[in-house]
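Novice: Each protein sequence line maps, in turn, to chains P and E. If you're matching positions, the first sequence starts at 383 in the working numbering and goes up one per residue. If you're matching positions, the second sequence starts at 54 in the working numbering and goes up one per residue.
I should point out that these hints are in silico values taken from the structure, not numbers from a laboratory. Certain hints may be false.
Claimed, not checked - Derived DSS-like pairs (lysine-lysine); straight-line CA-CA distance at most 27 Å: (1) Lys187/E x Lys67/E; (2) Lys67/E x Lys570/P; (3) Lys73/E x Lys558/P; (4) Lys56/E x Lys207/E; (5) Lys73/E x Lys551/P; (6) Lys491/P x Lys196/E; (7) Lys522/P x Lys397/P; (8) Lys593/P x Lys390/P; (9) Lys519/P x Lys73/E; (10) Lys734/P x Lys720/P; (11) Lys73/E x Lys442/P; (12) Lys744/P x Lys551/P; (13) Lys196/E x Lys163/E; (14) Lys73/E x Lys744/P; (15) Lys510/P x Lys56/E; (16) Lys196/E x Lys616/P; (17) Lys85/E x Lys73/E; (18) Lys551/P x Lys70/E; (19) Lys570/P x Lys70/E; (20) Lys491/P x Lys178/E; (21) Lys439/P x Lys593/P; (22) Lys522/P x Lys187/E; (23) Lys178/E x Lys389/P; (24) Lys67/E x Lys99/E; (25) Lys178/E x Lys73/E; (26) Lys442/P x Lys390/P; (27) Lys207/E x Lys187/E; (28) Lys67/E x Lys551/P; (29) Lys558/P x Lys519/P; (30) Lys85/E x Lys510/P; (31) Lys123/E x Lys551/P; (32) Lys641/P x Lys558/P; (33) Lys616/P x Lys56/E; (34) Lys551/P x Lys85/E; (35) Lys389/P x Lys522/P; (36) Lys155/E x Lys123/E; (37) Lys67/E x Lys123/E; (38) Lys616/P x Lys659/P; (39) Lys551/P x Lys99/E.
The chain contents come next:
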Amino acid sequence: MEKKLLKKVDLIFEKCNCLNIIDKVLQRSGDDIILDIIDSGLKGRGGAGFPTGLKWKFAKNEEADQKYIVCNADEGEPGTFKDREILDRVPEKIFAGMAVCAKAIEATKGYIYLRGEYNFLLPALNEKLTVFNQAMKDRKFEFSIEMRSGSGAYVCGEETALLESMEGKRGEPRNKPPFPVAQGYLGKPTSINNVETLVFALAIMNIGPEKFKEFGTMDSRGSKVFSISGDTPKGGIYELELGMTIEDFVNEFGDGDTKAIQVGGASGFCVPRKHFKDTIIGFEGIPTGGSMMLFNSSRSMYNVLQDYLEFFEEESCGQCTPCRVGCQQLLKGILAVKRGEKPPAYLEELKKLSQTMKIASKCGLGQSVANPFNSIVNNFREEIIY
Amino acid sequence: MTKIETFVKEQANKYGKSRKSLMPILQEIVQKERFLSEEAMIAVAKELDLSTAEVYGTASFYTFLDTVPKGENIIRVCKTIACHMKGKDEIIEAIENTLNIKLGETTSDKKFSLLQANCLGWCHKGPVMLINDKVYPEITASKAIEIVEEYSNKN
Ligand SMILES: Cc1cc2nc3c(=O)[nH]c(=O)nc-3n(C[C@H](O)[C@H](O)[C@H](O)COP(=O)(O)O)c2cc1C
Ligand code: SF4
Ligand code: FES
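Isolated chain P, as found in the complex:
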């Protein structure tokens, strides 16, 4: 069989003159910038995949005396570490991406919400922000950025929990609507974007939407930074074109014995070997925040599932019952099946429970537990039972 080589792309880490791009962007109207972003087809890289141009358009259309832009650098999804790498290697591009957004939606203040686990990046980021904020002042562009830190709560990556946390409260997700673009930080219109999304927005300003669209597919424009870990000889960060099959991916990154791959972290989907060929990585197949974790045949998928469920049980904010109790019950349930205290058919009950959580939970955390649960239980039933 012919091996298809994956197309490597270098839009995120390639050096560019950020201030030159900002100067050009400042000459343009907000609507004009937003049209380019919509035209590029860029979708959010934080997991949910909402079209970035639309988000900016909604924020722009709001009438308000103050608007905010928040860069979501809370990166807590197990298996994801690409934002850390971007924050470390090309922070100026993130700041510049935020400036593009600020110009587009008419925001004057930006925040970067950095997970507490990445506090070691703070001194360098603050130093570079001083230079950046001065450069904006020199241009008479009213926009400045400040850092904010998280304190070890995965759920604070959820955009409304993040806002609560920034407002000095418990990181408990809000009801939506209203969406942050209408009522965000301190009740003002706020565009919340992932680190990588903002850098792509800058790249689109630089190379133009047409060039960006040369990468990827109809539904998944552009490239994506992947965090690759687990049983692979080549773990690390790779920017790849969207729309590849898992088979192509595994050919390049597997260790020759890959039995399953978890796409999108703990809240994503497990794909078994038999589906590698027909599964596409992208918004038309499995969308992903970028985490790709490989498992070879020495791994117990039961352990993997138990690990994920423990993660959710700990990180659930506990605000709504389906998620709080559901996470506990799923974890207890698979333990009971494993120990033989419950019959294998009990797994069907648990699957129903995870479906209920999908419908009845308040935020994406509780809603997505069914993804790993069903995909692992359905594909590796024997390993869960015996």
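Given chain P, work out where chain E with the ligands should sit, using these hints.
Specialist: Quick look at chain E with the ligands alone, frame taken from chain P:
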């Protein structure tokens, strides 16, 4: 004014006396004291004009805002799947034996607390641990012991 009250006042002046400054102020206290004492939380409540219950309620939500005393150095070993597969259990065991404490405990000289954490964002370089803000990727049991001993020799 006690030492902690003075410190809280300084932080409130630096970040502003409003609710949105609560997280940065609590984080500064934890950075300095490794935990939030009752006295500190009362001082914060006073400075920001909040009830103590609100300050405690917020703090208790966050793993890194501890409200019980912790050691001078907080070790957090990643326990999530990639690091689990790469042997985080051996790392924890090695540190437990070196410090003569169990997971979750603090040494009697108050120098170390040993905790687990969820994914620290270094999955391709597991096992990994944080000591305070510093990251140690790709550790082995013997390397972990070495690192911990370095900290215990520091004053
Ligand atoms: C539990 C949970 C955790 C999340 N964590 C993150 C995160 O760490 N980083 C991130 O960018 N988005 C995260 N998101 C998605 C955000 O809510 C939001 O959709 C995203 O920041 C929007 O940015 P984007 O459109 O650029 O992707 C999380 C969502 C949920 C439900
Ligand atoms: S789904 Fe879970 S994390 Fe989200 S609000 Fe409900 S309890 Fe909190
Ligand atoms: S699983 Fe340990 S750092 Fe991600």
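Novice: Compare the distance between the alpha carbons of Lys510/P and Lys56/E with 27 Å, and conclude whether the hinted pair is satisfied.
Specialist: 33 Å, violated
Novice: For the pair supplied as a hint, Lys73/E and Lys442/P, is the alpha-carbon distance within the 27 Å limit?
Specialist: Roughly 24 Å separates the two Cα atoms, so the pair holds.
Novice: Measure nothing beyond the straight line between the CA atoms of Lys187/E and Lys67/E; if it is 27 Å or shorter, mark the hint as holding.
Specialist: Holds - the C-alpha atoms of Lys67/E and Lys187/E are around 25 Å apart, at most 27 Å.
Novice: Regarding the pair Lys73/E and Lys558/P, is the alpha-carbon distance no greater than 27 Å?
Specialist: Cα-Cα ~21 Å, so holds.
Novice: Within 27 Å, alpha carbon to alpha carbon, are Lys155/E and Lys123/E?
Specialist: 14 Å, holds
Novice: Take the C-alpha atoms of Lys442/P and Lys390/P, compute the straight-line distance between them, and say whether it is at most 27 Å.
Specialist: 34 Å, violated
Novice: Has the given pair, Lys439/P with Lys593/P, been kept, meaning a C-alpha gap of at most 27 Å?
Specialist: Given pair Lys439/P, Lys593/P holds - Cα atoms ~22 Å apart, limit 27 Å.
Novice: Need the status of pair Lys551/P, Lys70/E: alpha-carbon distance at most 27 Å?
Specialist: 15 Å, holds
Novice: Take the C-alpha atoms of Lys67/E and Lys570/P, compute the straight-line distance between them, and say whether it is at most 27 Å.
Specialist: Roughly 24 Å between the alpha carbons, so the hint for Lys67/E and Lys570/P holds.
Novice: For the pair supplied as a hint, Lys551/P and Lys85/E, confirm whether the alpha-carbon distance does not exceed 27 Å.
Specialist: 21 Å, holds
Novice: Would you mind confirming whether the straight-line C-alpha gap from Lys85/E to Lys510/P stays at or under 27 Å?
Specialist: 24 Å, holds
Novice: What's the verdict on Lys207/E and Lys187/E, does the C-alpha distance respect the 27 Å limit or exceed it?
Specialist: 15 Å, holds
Of the numbered hints listed earlier, those contradicted by the structure are 6, 15, 20, 22, 25, 26, 29, 32, 33 and 35.
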